[in-house]
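S.K.: First to last, the protein sequences are chains A and B.
All residue numbers for the first sequence refer to the numbering used here, where the first residue is 1 and numbers rise by one.
All residue numbers for the second sequence refer to the numbering used here, where the first residue is 358 and numbers rise by one.
Hint data in this document are derived by calculation from the structure and do not stem from the laboratory.
A virtual CB, placed ideally from N, CA and C, is assigned to each residue, including glycine.
Some clues are possibly wrong.
[Stated by the list, open to error] Here are some, though not all, of the chain A residues that point toward chain B, as calculated from beta-carbon distances under 7 Å:
hint: 1; residue: T50
hint: 2; residue: V158
hint: 3; residue: G176
hint: 4; residue: S177
hint: 5; residue: A192
hint: 6; residue: I195
hint: 7; residue: T197
hint: 8; residue: A225
hint: 9; residue: G259
hint: 10; residue: E262
hint: 11; residue: V350
hint: 12; residue: S355
[Said to hold, decoys possible] Computed cross-link-like contacts, DSS-like style, restricted to lysine-lysine with a CA-CA straight-line distance of at most 30 Å:
hint: 13; chain 1: B; residue 1: K646; chain 2: A; residue 2: K289
hint: 14; chain 1: A; residue 1: K353; chain 2: B; residue 2: K698
hint: 15; chain 1: B; residue 1: K710; chain 2: A; residue 2: K341
2 protein chains.
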Amino acid sequence: MALTTEFTQRLGVTHPVIQAPMAGGSDTPALVAAVSEAGGLGCYGAAYLTPAQIAEFGSAVSAATSKPFGINLFAPTPIPGPVDASAAIEAATPFFSELGLDPPHAPPIPASAFDDQLKAALQCGARVFSFTFGMVPEAAIRELKSRGLFVMGTATTVEEARALERGGVDAVAAQGSEAGGHRGSFRGDFDANVIGTVALVPQVVDAVSIPVVASGGIMDGRGVAAALVLGASAVQMGTAFLTCPESGVVESYREAILGAREDGTRITRAFSGRPARGIVNRFMTEIEKRDGAILPFPLQNALTRPMRTAAVKQNRSEFLSLWAGQGVRMARREAAADLVKRIVAEAELVFEKFSAE
Amino acid sequence: MALTTEFTQRLGVTHPVIQAPMAGGSDTPALVAAVSEAGGLGCYGAAYLTPAQIAEFGSAVSAATSKPFGINLFAPTPIPGPVDASAAIEAATPFFSELGLDPPHAPPIPASAFDDQLKAALQCGARVFSFTFGMVPEAAIRELKSRGLFVMGTATTVEEARALERGGVDAVAAQGSEAGGHRGSFRGDFDANVIGTVALVPQVVDAVSIPVVASGGIMDGRGVAAALVLGASAVQMGTAFLTCPESGVVESYREAILGAREDGTRITRAFSGRPARGIVNRFMTEIEKRDGAILPFPLQNALTRPMRTAAVKQNRSEFLSLWAGQGVRMARREAAADLVKRIVAEAELVFEKFSAE
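Could you put the whole structure together from the sequences, leaning on the hints where they help?
M.R.: Here you go:
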């Protein structure tokens, strides 16, 4: 079996394909279960979920598949101090009005939800625990591993990958600059940590001895094969799964991906205060133009949430964070199980073509 | 033979490996000939050469190898109108002084050198003619093809690749965001046209029917294999060849590459007025901070040339355009022929590993 890797062997999954945890309602129990059932590893992003929601999501996945699946949280990030939100509120107000909403409130300084979420994650039935935005506390790593979970961190540079390995993770996801959604960067300068997948993956592979998962710009079997020959032990794909019928995205978001060009995304802080790659739209463009209109993460995320929630209900993509990577032209409407099977078959065919006679 | 592609077959070269034309003295006749002699395709960047220098370079390569080689020019770009160079001169003057030079002059508006360079290129003995920064005139394409040259343009987006194919090129080099040196972009927004290789190559392959050459972040056999499985017919590598002893770069430039990290480069206009990726250094950082300090291409290039020439003589990398891609950690000191043979062997080994039993 050509696509067997250290990752598939250690986890007992059939294919080295991870459906990226996407949070914010994009990944549903149906999507996660479909990917795992098809032999990949479905994962859910639980960073915005309460402990009760984490348990509920895990139960729903477990009811639909007995195969391994994963859960993802944000590592604890520094809580910002008090900020003046007036410019951000003023900038966002016209968008709120257009959706029939009252102006946004100054978001309260949030308490870290990590400890409670972690407790729920330990009991949700997941086989894999992944995280992004930094390193989780050592005690968390120990507890996760003692309960038999496979732990994976997210790196955007070699230095971050090394820090994660020293911290005791079982694998590192190397997030290339092509990737949609939030950048996992936690050391150095966000603007410098945008390394293309084809350059990042082999450099991370050379620097650590744990399995490396490639993410960023991978949309089909060609990308899967490329990741494996670069030395990755698996791929993590987000955008490709968003256009599956099982994903939770609103139809206008799905259409935005299917109509997008490879040069139609960029990295923005407009929605959450943290850099993330998405399809360029009106909110992004207008907010980026205004001084002081973007609060630090997670305050901006809290500030824009009512707008995004209303935009989902009204199917208005110009107010949504349309997270997507640079491989968008390769997106298609396809059931998640069919997608997993197709890309694996494509990758195998590619390898057959290049195998010596 | 596993690494045979449409590109190798049409050109009669052994390996699908192109040494990127680098101009500015980085590629020497010895480098170009060594790559071609080793079974790759050596290429020289002739954009800054006079017709006599183009002829001389071609003769030197032809004397050293009978294998095919290539030449590269800049497509004609719009000549800028008169500009006020005072801020650019003021910003650059301290750097000139530090090197013992008088302050720079306002550069004259240049005449296009393309037509004369093209005539020389047609007769220089090259088998391949490649270009960047746009499309060359239709008459040039016709003449090149009628003389039996294989013509290749440079694209950073799908739209640019399609435009080149419509223009009649034989192949298109898809330049990923990881690539060192000047961005080839000629349509749309420079800032949007930074697509990672792993995303760009398959989308270009899907959009055109001519062979696609992958460039950006490819440094060894893993990258070669990745490019081929993504659908590329060859790779084009620049940074990897700069640290070969045959390259023309000054020792401090070579050391800067060998000491660089994957997050140590960025795209700048500071040296030439056109976006190009290089290792961050003092000139880049300080010039980027100052308003109006960068003239449009090619005026900024002309303005900074005396400084760069003096910096080469004095081996001072902080004043040099240290063009390099994001794969810098994979650079090593190695003869060009050994590099070509090593990466091909690595790629073949990778494919063996993934071929079915």
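S.K.: Against this structure, judge whether each hint is valid.
M.R.: For each hint, the structure was consulted:
The interface hint given for T50 (chain A) is broken, as the beta carbon of that residue sits about 35 Å from the closest beta carbon of chain B, more than 7 Å. Evaluation of the V158 (chain A) hint against chain B yields a held restraint, the C-beta minimum of about 6 Å falling below 7 Å. The restraint placing G176 (chain A) at the interface with chain B holds, with a minimum CB-CB distance near 6 Å, inside the 7 Å limit. Nearest Cβ of chain B to the Cβ of S177 (chain A): about 5 Å, under the 7 Å cut. The hint holds.
Hint on A192 (chain A) holds. Least Cβ distance to chain B is approximately 4 Å, under the 7 Å limit. A least Cβ separation of about 5 Å between I195 (chain A) and chain B falls short of the 7 Å threshold, and the interface hint therefore holds. Hint on T197 (chain A) holds. Least Cβ distance to chain B is approximately 4 Å, under the 7 Å limit. A cut of 7 Å between beta carbons decides the hint on A225 (chain A): the least distance to chain B is about 4 Å, and the hint holds.
Because the closest C-beta pair between G259 (chain A) and chain B is about 14 Å apart, greater than 7 Å, the hint is violated. Nearest Cβ of chain B to the Cβ of E262 (chain A): about 5 Å, under the 7 Å cut. The hint holds. Look at V350 (chain A): its Cβ gets to within about 5 Å of chain B, closer than 7 Å, so that hint holds up. Given the 7 Å rule on beta carbons, the hint for S355 (chain A) holds: about 3 Å separates it from the nearest Cβ of chain B.
Between the alpha carbons of K646 (chain B) and K289 (chain A) the distance comes to roughly 20 Å, so the proposed pair stays at or under 30 Å and holds. Between K353 (chain A) and K698 (chain B) the alpha-carbon distance is near 22 Å, which keeps this suggested pair within the 30 Å criterion. Among the hinted pairs, K710 (chain B) with K341 (chain A) is consistent with the structure: their alpha-carbon atoms are about 22 Å apart, no more than 30 Å.
Consistency note: the structure conflicts with the earlier hints numbered 1 and 9.
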